[in-house]
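Protein chains: 2
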Amino acid sequence: MTQKEENILIIGAGLCGSLLALRMAQRGYQVTVYESRPDLRTTDISAGRSINLALSDRGLKAMKMVGIADKVTPFCIPMYGRMIHDIEGNTFASNYSGRTGKYINSISRGGLNGLLLTEAEKYENVTIHFNKKCTGVDIENTIAKFKCYATKEKFEVHADIIFGADGAGSALRKSYYLEKKFLFSYSQNYLTHGYKELEIPAGKIGNHQISKDHLHIWPRGEYMLIALPNLDGSFTVTLFLSYDEGEYNFNNLTNIEKVTEFFKTQFPDALDLIPDIDHEFFNNPTGALGTVKCSPWCYKGKTLLIGDAAHAIVPFYGQGMNASFEDVVVFDEILEQHQGDWSATFKAYQKARKEDTDAIADLAIDNYFEMRDHVANPLFKEKRKLEMDLEKTFPDNYFSKYSMVTFDENIGYAKAMKIGRAQDKALLNLIADHEIDTSKDLKSIFDQVQQETSEILEEDKIAGLK
Amino acid sequence: MTQKEENILIIGAGLCGSLLALRMAQRGYQVTVYESRPDLRTTDISAGRSINLALSDRGLKAMKMVGIADKVTPFCIPMYGRMIHDIEGNTFASNYSGRTGKYINSISRGGLNGLLLTEAEKYENVTIHFNKKCTGVDIENTIAKFKCYATKEKFEVHADIIFGADGAGSALRKSYYLEKKFLFSYSQNYLTHGYKELEIPAGKIGNHQISKDHLHIWPRGEYMLIALPNLDGSFTVTLFLSYDEGEYNFNNLTNIEKVTEFFKTQFPDALDLIPDIDHEFFNNPTGALGTVKCSPWCYKGKTLLIGDAAHAIVPFYGQGMNASFEDVVVFDEILEQHQGDWSATFKAYQKARKEDTDAIADLAIDNYFEMRDHVANPLFKEKRKLEMDLEKTFPDNYFSKYSMVTFDENIGYAKAMKIGRAQDKALLNLIADHEIDTSKDLKSIFDQVQQETSEILEEDKIAGLK
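Protein chains in written order, with the working numbering: chain U, 616 to 1081; chain R, 616 to 1081.
Bear in mind the hints are in silico, worked out from the structure with no lab data behind them. Because the structure is a prediction, the values reported are computed rather than measured. Keep in mind that a hint or two might mislead.
For identical chains, the list gives no copy identity; a pair is met inside one copy or between any two copies.
[To be verified] Result set (DSSO-like, lysine-lysine): computed pairs, CA atoms no more than 30 Å apart in a straight line: (1) LYS748 / LYS1030; (2) LYS796 / LYS811; (3) LYS1055 / LYS789; (4) LYS811 / LYS966; (5) LYS915 / LYS811; (6) LYS966 / LYS1000; (7) LYS1058 / LYS1007; (8) LYS811 / LYS795; (9) LYS1033 / LYS762; (10) LYS1058 / LYS1030; (11) LYS748 / LYS795; (12) LYS873 / LYS962; (13) LYS879 / LYS1055; (14) LYS917 / LYS796; (15) LYS819 / LYS686; (16) LYS1076 / LYS969; (17) LYS879 / LYS811.
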């Protein structure tokens, strides 16, 4: 790559910011990154906040783009499906796809972020500063303002281009909102539920105490527990619970007796595996679950929001990190097409990307209800079984919504949502109306589902007068 | 009514604030109102900003509640339907309902607001202060902060209960956002189009130069002109146009030659009636079109957002004022049930009201596209004609979406939206698929539409697994 003249400033060295720094460095730009937290490779800062994540095909595509896919693999634990735990402690496994070799990966946030930082710093044209908190951006003059947590000094940095990869609480986005230089459409929407992380430690010989090949779910309608495996044999458990509604909620679980009663009655098998629940429940923070959407993402050809800063989503589709990584892939393709014209690049990027990030935000909300409530619904279970059969029998032709979203990086989230929702509606209605004759061969059923899905899409199209 | 002890502070003496003040006074509360603008009964402050509005059944219900319906009538000009103007200057009238005696009212914002202020001030227990701008609210201690525009003085007012009826730019809502005392879900979404008001003056003998019995629309896809009659024989014309897209937009209409060219080619018949277009186009402000949603509306039993402050919507369903007036009706009913328990009142009010105000916000966006694009679509026209016939023939049994939203104050916006959208989808698909045999009697068609609508609702229900 030839050396570029532009100075690029990236606010945030999280997953998205460090990947973007690496890619921009590979393209020859002068890249400076400022991160508010300490260097996570030398400091333990993760306690209690989304320790592990699900990495799937869209995210892996980004790793391939920057050439580090091989280095990521050792951090990954493949999860082939969900394992549902009922209230009696029975478990039911269900694969994510009827196709073989399809899985998502449980991965340590810290491990992956550290790898990306190390890879980025291998480039001479990258400098990363830690403990420097962005307090705002003068978007007209591309000057970012910082405060150093170590020295308490305030300072300003001028750049040609500023990227806000500074997450859900983005300082750049806040400056868009407060500077009122343009009509800024903005939304922040919270669920009534929050989350708290707990731990199932490794067994005595460092073993995983429950299947490490699955994402574990304890669905209970009003609340839910999930668990993802870690390389050290432990699991990170996340409790999703209302702040103030229902018999048990974060506001009334104020002593260990009540917490124990809650887990004993609702998640008895999990409680047996969480020895330190007292300390963890009352010392780990309760996190909020919010969705952020906004537009425009850019101001002229000067600043751009990317990753969670542009579109924070709830975690229920396991796509937050994947969507942010895909941002960098899409941005990179568009940068290639518009080399040098930053204003055109930013506009084309948002035009190409916004409907997809809006879609994954909505899909993640849908999955919140699906995981809590629907996985135990008989109609839903029948649909799921049928889809597994269809994917297994027609691996090249049938794709569930989940498969399109999770395993097909060649189809955008918006298209996956549109087709996937119509297909779900077709399946659920055919099953509910007893219109599927399971004695027939699967090919007839396949055709019937395709036909019904097409009709639903056509009817929606006519109703939208498009 | 018995005298109440609570001191009520209302921020904003616009349409919603003055109606609320009147109603709370009737209930015996001590009411103080602070308004940022001068008294519109003695100062002309309306120039260029939504001079007239559409008052329909939901709004009228509120006028009846406070006993002033008779006093409102003289301000009203009934509009029985739309009159579409095509590019050649041809006009096509189309009623709002197939039922007779159904109309919406063009009404002067200033006239109606003045009446409400005067009626409120008849009560000893009401005091209204003008030129006092609210700059923020200490929501924990129910202290509102003001600045007097006349004296420049800053002062604070303590109250037992504070209502934010301070419109789309609400200071109370901003305090919710900035104080971060709770998770505040908030969205502001702008359309790509803005608006500008112009005037068709009265004819030489004070006459209306075009039909005063209609709301006039010049739909042109990318932009649109509408006009509502005033009592003095004039019409207030509103241009809806993109800020920066398309051949003509607000950003490039920078001189009178270009503006004249635009109107001459797109709205020739309207241009002939707007003599002062030069002055008006460049002196009247360009307004933004935004939707605001938020939650919660209340903080404890201390403060409540109401009207546009809680849910600003775009003007395309003519329901903004009606929704705000309906807020006061719904609030009043719930206050009656929970007398004295303000926290319970506020929570119950939001629970009863939020899905309806969310729905009218979405319906108003739908109508933006319908008015711009669909009114000229043959399928849409056929549907409209069929619905008029159905309403005329089955006045007690068939109700179009528009009728439910506009003329039926006994059905909430959310229900009207749900049923209305399904019914629209049924009609459009039946027509598109040539499944309606117009040689058949209307009763068969009525049954067919009802049947198809029910099926659509049922299929949606199954797909939502509810």
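Evaluation of the provided hints:
{"no.": "1", "hint": "LYS748 / LYS1030", "in the structure": "neither (38 Å within a copy, 48 Å between copies)"}
{"no.": "2", "hint": "LYS796 / LYS811", "in the structure": "between (38 Å within a copy, 20 Å between copies)"}
{"no.": "3", "hint": "LYS1055 / LYS789", "in the structure": "neither (58 Å within a copy, 61 Å between copies)"}
{"no.": "4", "hint": "LYS811 / LYS966", "in the structure": "between (36 Å within a copy, 27 Å between copies)"}
{"no.": "5", "hint": "LYS915 / LYS811", "in the structure": "between (40 Å within a copy, 26 Å between copies)"}
{"no.": "6", "hint": "LYS966 / LYS1000", "in the structure": "neither (37 Å within a copy, 38 Å between copies)"}
{"no.": "7", "hint": "LYS1058 / LYS1007", "in the structure": "within (12 Å within a copy, 49 Å between copies)"}
{"no.": "8", "hint": "LYS811 / LYS795", "in the structure": "between (36 Å within a copy, 20 Å between copies)"}
{"no.": "9", "hint": "LYS1033 / LYS762", "in the structure": "neither (44 Å within a copy, 51 Å between copies)"}
{"no.": "10", "hint": "LYS1058 / LYS1030", "in the structure": "within (24 Å within a copy, 40 Å between copies)"}
{"no.": "11", "hint": "LYS748 / LYS795", "in the structure": "both (22 Å within a copy, 20 Å between copies)"}
{"no.": "12", "hint": "LYS873 / LYS962", "in the structure": "between (52 Å within a copy, 27 Å between copies)"}
{"no.": "13", "hint": "LYS879 / LYS1055", "in the structure": "neither (45 Å within a copy, 65 Å between copies)"}
{"no.": "14", "hint": "LYS917 / LYS796", "in the structure": "within (13 Å within a copy, 34 Å between copies)"}
{"no.": "15", "hint": "LYS819 / LYS686", "in the structure": "within (29 Å within a copy, 83 Å between copies)"}
{"no.": "16", "hint": "LYS1076 / LYS969", "in the structure": "both (21 Å within a copy, 29 Å between copies)"}
{"no.": "17", "hint": "LYS879 / LYS811", "in the structure": "within (17 Å within a copy, 63 Å between copies)"}
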